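Novice: One letter stands for each residue in the lines below.
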Amino acid sequence: MSEQASAAIEVRDVVKRFGGREALRGVSFNAARGEVIAVIGPNGAGKTTLLSILAGIRRPDSGTVSQPPGEVGFVPQQAALYRRLTVAENLRLFARLEKVPDVEGAVNRMLEQTSLAERSDDQVATLSGGNQQRVNIAIGLLAKPAALLLDEPTTGLDPRQRERLWEFVLALAGAGTTVIFSTHNIAEAERYGNRLLVLADGESLFDGSPSELHAAAGGSDSDFERAFVAFLRQKGH
Amino acid sequence: MRWLLLKDLQILRRSPLVTALLVIYPIAIAVLIGFALSRGPEKPRVAFLNEVPTGTPLNLGGKNFDVVGARSELCDKIDCIPVSSEQQARDMVQSGDVLGALILPPDLVTRLESLAGLSPQQPYVRVLVNEEDPVKAGLVDDRISSLVTRANLKISKAVVGTAASYLDLIVNGGNLSLLGQTIDILGLSKAGGILHAIAAELGPHDPFAQPLQQVITFSRLAEQNLNLAKPLLRSVAHPIAVRKDIVSGSPPSLDTFAIAVAATFTLMFVTVLLVAGSLALEREENAFARLTRGLVGRFALLGEKIALGVVASIAVTLVMLAGLSIFVEVDWSRVGLFLPAIVLGGAAWAAFGAAIGAGAGEVRASSLLAFMVSLPIAFLSLVPSGTVSAGLFHALEVVRALFPFHAAETALSAALDPAASGLGPALVHLAVLALAYTALARVALRRFS
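Chain order of the listed sequences is A and B. If you count the first sequence from 1, position 186 lands on 186 in our numbering, and the numbers rise without skipping. If you count the second sequence from 1, position 435 lands on 1435 in our numbering, and the numbers rise without skipping.
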């Protein structure tokens, strides 16, 4: 089977402009089923713009995005939840809007997967940041999407909450869900990403594994974050 | 859309304080404004101090005036608060208990009676006012001037009547009572008859015949001119009568106008604040991006918010009308007319609120903007024609055309009162505004992404 045939998401020469500024300059990459891709880069690199185009929130000015037949689940950087509604009411609302056939079944499944069944009747405003993010991700997974897009998913979470979140996400990937996430946390990208996509000023500078990025940076520094910064400097950023 | 609508209603249910404020505050304000507009001080409270000795009769030109009846008539026009001293009257005016104080001095009757005598003295009444602000000062001036004008009119009628009776005495003769004596007055008419008889006796060549003829001519001319003077005097007593022709407009009753204004204020506050806040909340809770990535279209989202505004408008306005019907008569048989007015008024205001919410993008900013924009529009829409310059009123007409307040108030007035007109055009106006503001909100939603 060719790489293209097994790709869950295929991005070709995507360009996005905001006024006179080019936020994305001909970005291309493929994502296979079950793959975990970390999109990294400095501020203003175009990470969120890329994810919002993949999620269908924005349209590219040129280029194409091929998505799998199933839904693409999107988890925005900040929890997109109604704080006055309970966990179950949030899940139920979005399940109905997603036109999920078995609404209650989907809600119960997500409550179980996120271990939030006991808090299902609590208003979201009363949950911790970590639990709110779990509900946020659960909403993105309601329609059993073939791919999950996470925009800086661990921002504001403590180490224990981060670990629980990644356990959950990696389990999804293990079950065949393609995961693409953006992050400023380079160590997290190295640890959880099968592949790294490095963006800077809207340009794709690198697409490969963490070890390949380390090698591309010269491999002299054992610290991955320093190697990443050296790589950016090499590329003039 | 219905799931989003249910979600918004659930959120409202979970925010009882906000919901209560959103409902109770505008209703309270609307009712106060409505009644303040319709129920001006028709009977302002005025302290009344009568220093004229009790039982003093008032006689003008031989005609007795009913002083007790005049006081009752006066107190029918104002709410007389009797006081026993000038200091008490001053205190009440100072504290704002009364709009002003009217003091009848002890010599008022004497001075009034002197008007019909040979040495008239100007009668006066004293007025105590507290002109703490220009509006109140103007109101007091208008009220007191109106009362004094009425009194002057009555007195001038009496004086003119006396003057006319004197003229009648000079022309036709009769008895005149003066200083306890009765004097018989011949009168020009009888004097002319006597002179004619003497002239006939003298013959044409008598040396007194020509001078006598001159006296007869003078007597006739005097009689004719004095007869003409009587209707002239009567017209001076009441020179201008008012004949009112309604050129345009068929205004509703003051009660209906008050209800319509109160309901329009309620519609405005509830829908604009609710819809603007609810739309801005979608962005603040980051749900907008999630909703509009294929789950809900932007127009559908706006439609849902406008539907929320209309539902709230119907509920709140009907509750307000039910409450008002305890105090004033609301013709519920016309519900088929005022329901469309509430729906379209609510839709226009909701679309306006959506435009504000989409433009502001934050709940607090949208609430502030809603107040800042809506209140001046409401007050400018209530300025009647003829009270400001023509140029300014043309500008106000543009404001009325561009914002839903005037159209909503006209539609509600016409729907509530069969005497008022303009329901159809007002409903069309509201529908056009609803569409226009929805389009504007859709453009403003681009800032949300």
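No wet-lab data here; the hints were simulated from the structure. Bear in mind that the values here come from a model prediction, so they are computed numbers and not experimental data. Check each hint, because a few of them may be wrong.
[As the list claims (entries may be wrong)] With the Cβ distance kept under 8 Å, some of the chain B side facing chain A (calculated, not the full set):
1) K1007
2) P1016
3) N1286
4) R1290
5) R1447
[What the hints assert, rightly or not] One side only, chain A facing chain B, incomplete, derived with CB under 10 Å:
6) K99
7) P101
8) E104
9) L127
10) F231
11) Q234
Beta carbons are placed, not taken as given, at the ideal position from N, Cα and C, and that holds for glycine.
Novice: Are the hints correct? Go through all of them and say.
Specialist: Hints, one by one, checked against the model:
1. K1007: holds (5 Å)
2. P1016: violated (11 Å)
3. N1286: Since chain A brings a Cβ to about 4 Å from B:N1286, closer than 8 Å, the hint holds.
4. R1290: OK, holds: B:R1290 within 8 Å of chain A, min 4 Å.
5. R1447: Constraint on B:R1447 not satisfied, violated at 13 Å.
6. K99: holds (9 Å)
7. P101: violated (15 Å)
8. E104: violated (14 Å)
9. L127: violated (14 Å)
10. F231: Since the shortest Cβ distance to chain B is 31 Å, the answer is violated.
11. Q234: For A:Q234, the interface hint is violated, since the closest Cβ of chain B sits about 35 Å away, which is over 10 Å.
Consistency note: the structure conflicts with the earlier hints numbered 2, 5, 7, 8, 9, 10 and 11.
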